[in-house]
Amino acid sequence: MQASTLPGFSVKTSVFEGPLELLLELVEKRKLLINDISLASVTDEYMRQVSLMQELSLPNTAQFINLAATLLLVKSKSLLPVLDLTEEEETSIEDLEERLRKYQIIRDAALVLQNSFGKTKLYAPQFYKPTVSLFLPDEYCDIEKLREAMIAAINGLPQKEAPAQAKIKATISLEEMMKKLETRITQNLQMKFSELNFGETEKKVVIVGFLAILELFKQGNLILRQNSYFSDIEIELDRGQTPTYY
Amino acid sequence: MPIDILVEGLLFYKSAPQKKQVVMKLFGISEAELATAIETLKSRLATGATRLVETGEEIQLVTCPELAPIIETLRKSELKSDIGKAGAETLAIILYQEPISRAEIDRIRGVNSSFILRNLLIRGLVERNHNKTQNSYQFSISPALLNHLGVTHKHELPDFSVIANSLEKFNEVAIEENI
Amino acid sequence: MPIDILVEGLLFYKSAPQKKQVVMKLFGISEAELATAIETLKSRLATGATRLVETGEEIQLVTCPELAPIIETLRKSELKSDIGKAGAETLAIILYQEPISRAEIDRIRGVNSSFILRNLLIRGLVERNHNKTQNSYQFSISPALLNHLGVTHKHELPDFSVIANSLEKFNEVAIEENI
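Chains as they are written, first to last, in my numbering: chain A, 1 to 246; chain B, 247 to 425; chain C, 426 to 604.
I should point out that these hints are in silico values taken from the structure, not numbers from a laboratory. Honestly, I wouldn't trust all of these hints.
Computed list of lysine to aspartate or glutamate pairs in DMTMM-like fashion (alpha-carbon distance at most 25 Å, straight line) [stated by the list, open to error]:
| # | chain 1 | residue 1 | chain 2 | residue 2 |
| --- | --- | --- | --- | --- |
| 1 | C | K510 | A | E139 |
| 2 | B | K288 | C | E464 |
| 3 | A | K129 | C | E464 |
Here chain A stands alone, though its shape is the one from the complex (with noise of 0.2 Å):
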């Protein structure tokens, strides 16, 4: 496995097996509620776990990836409250809190399966083969017929998936998530970086925390121009350069 070769990161991204199960563990750590303030206020840190898986090819980073789409609307929304959402995008945030919350209860759930599997089984009789031996063939037993249902069973396995394929899907997921959010500053083009900072009180967090903003600036997608200490950024969709991906 390639997450082992790099201790320290194997076991930090490989725990989780599905970007609900994570998204929780970072709302419970925090002691907060499943709503947009604390989903805004998680999103870095999952994207930090979620670049991390990528780096490490981990599998299922395509999946992780589709709700970090979310979790960045979520996040821009919050520091951008003018930022206006599509229906779409207004109902893909709901439900994402309405499935972390569903998630929840089934990951509790399963704790309650896992702990009574195979404590007190129940047994049904055992099975012996009667003792008067019968031959009794049908329809089905030709060579013709069970060569086709050997095919059919052959048809019927399960494909391995590409990983190449596999990570294709996950770049053009990233890919699209930024193209959607690259759409949004194009809207507010040469939009001061005060502008942006709608109740937000530490600036602090505004910064570090606008990480749609700071991705796309790492990608050459953005121009941040500040004239003077203290002024105001402002930020500008680069036209003049193709995106580059990592």
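Keeping the supplied structure of chain A fixed, place chains B and C upon it in accordance with the hints.
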């Protein structure tokens, strides 16, 4: 002959889970008649060594939970089985939401569950039925799952009603919002 | 636990005659204790579908005489019905891959095959042999069915090498992916 005796005789003879639909057809009885017979049989068996296990679709005769340690020694105690976190999660979803499609299970778990489901099917812990109207498979629990959990009905699981209620509220809210 | 419950549980689970001596030794009870338990059990079962029969040195649980006509009908209809698609699939896998364990059959089919294998065994279509090294049963086609199919050499089976190849590939993937 009383229906509960017929049902008991059949289950004893078959020594495997039987579909309720098949039992009804075999004895020419209604769903209500079968339900009454099941209740009668359950209370009659209560003082003996066997129990009637019931899922939505099937019934089966098994040994009572108190006999588990003795039978385990008879079987020279096989490897203790574990279902793992992902398996338990998937089983919990099916147990509380059955019948349920793979797509819905995936949605609740947030990950693809096809391999886990295949594994549970192979172990006989869940069953798969083809839903013609939706042209998809619906998953439900098997008597074997209840046997492994040591209960004759899922309602006997600890916290069953608490968990079922909280999930129920959820589904109600979802329905209301859809209107 | 009352001895009559222990005895009933054992007889039910074993679903075959048990030597009284063995039962006494197993539960650490005297002949008199067993005799009392047998009487208790007999009277308790009297209202149900099963009876305890003593045959010399052995005891066994059987269905009550009143059920005999119904059991007979059941047996006949079981043998008349065909093995079905699932039966054919299982039989085909055994034919092309014998000797093969239940676990391997299950893995290829993606569902639990134990009840289907029982049916194939009862009908004399397959045989099972205990594999000591793996401590599991290995299934193969019965000589009678091989005769019936007219197969003398495995390689003469239609598409034998194609099928063997795809199954081999699947097994590699299955082990790697833990399917």
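> Among the hints numbered above, which are violated by the structure, and what are their numbers in rising order?
Replying inline: 3
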